[in-house]
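Those letters in the sequence shown? Residues 230 to 469, per our numbering, in order.
Hints may contain errors.
[Said to hold, decoys possible] Okay, the calculated beta carbon distance ranges per label pair:
| no. | residue 1 | residue 2 | range |
| --- | --- | --- | --- |
| 1 | 308 | 375 | 32 to 40 Å |
| 2 | 254 | 359 | 29 to 37 Å |
| 3 | 309 | 289 | 22 to 30 Å |
| 4 | 355 | 306 | 38 to 46 Å |
| 5 | 370 | 231 | 32 to 40 Å |
[Unchecked claim] Calculated pairs, DSS-like style, for lysine-lysine (alpha carbon to alpha carbon, straight line, at most 25 Å):
| no. | residue 1 | residue 2 |
| --- | --- | --- |
| 6 | 413 | 399 |
| 7 | 413 | 366 |
| 8 | 399 | 366 |
These are calculated hints, taken from the structure and not from any lab test. Bear in mind that the values here come from a model prediction, so they are computed numbers and not experimental data. Heads up, the beta-carbon is just placed ideally off N, CA and C, and yes, glycines get one too.
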Amino acid sequence: MTWRDQCAVVIPCFNEEADIAGLVRGARRFVETVVVVDDGSTDSTASFAAEAGAIVIRHSERNGKGAALMRGFLVARERGLAHVLCMDGDGQHAVADIPAFFECCERTNAGLIIGNRFEGKGPMPSVRRVVNLLMSKALSWVAGEELPDTQCGFRLLRLSLLSAVETRSKHFEFESELLIEIIKAGGRVAFVPIETIYRSEQSKISPVKDTVRWFSWLLPSLIAAPFRRGRSLVPAEQRL
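Let the hints inform the model, and build the full structure from the sequences given.
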């Protein structure tokens, strides 16, 4: 297997015309297939992505990041690919880090590899650092193990794991749900240090609505975690 032929980069987007073309061209240095899912953009994201060589899927209205990612996963599976590498469309992720995910997968055989911004290069704004740390601590409690950066959207996924999990979320909490479901199903998770590029761009996350939605999704798992510890989650050393 070569990564160029067996992995697709999937990029969910909403109004990212400023960065999408450069991101697509950069990603195509490492993989043949780049799928951009335009989640209801009102700018030229879709046309710029197509001109740069991406397969573009358009949603007529915003369905949420989770829905966009699942649509991209479906396209990759239909093409018979084995992995997807997810990247955010705002230029926050450095394409130069892509080979590190492939190397980590070859070394660890992990089914899900997540970028770790806390060990990589580039400063993280203090508010985001605190929020990301709190969310990662909460998910670590649910999983029963240390998960250093659960909120990073730069991640490599083995597509065969999707048949073993069931997700319901369609918005930004989808990435957290998928992580926990993969651990429950016995999938191995690894983390790789990455550079993070923060500029003056406005986050697409709604601070109030998305945070409330995330904690509403998490609350039942937080309550149940102490009672199921060691029973419903597969120990790390036994994962595939």
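Results for each hint:
1. 308 / 375: 32 to 40 Å: Given a distance of about 35 Å, which is inside 32 to 40 Å, the answer is holds.
2. 254 / 359: 29 to 37 Å: Since residue 254 and residue 359 have Cβ atoms about 34 Å apart, the given range 29 to 37 Å holds.
3. 309 / 289: 22 to 30 Å: Once the Cβ atoms are compared, 28 Å apart, the range 22 to 30 Å for residue 289 and residue 309 holds.
4. 355 / 306: 38 to 46 Å: This hint holds: roughly 39 Å between Cβ atoms.
5. 370 / 231: 32 to 40 Å: holds (39 Å)
6. 413 / 399: This hinted pair holds, its Cα atoms lying about 20 Å apart.
7. 413 / 366: holds (17 Å)
8. 399 / 366: It holds: about 22 Å lies between the C-alpha atoms, which stays within 25 Å.
The structure is consistent with each of the numbered hints, conforming to all of them.
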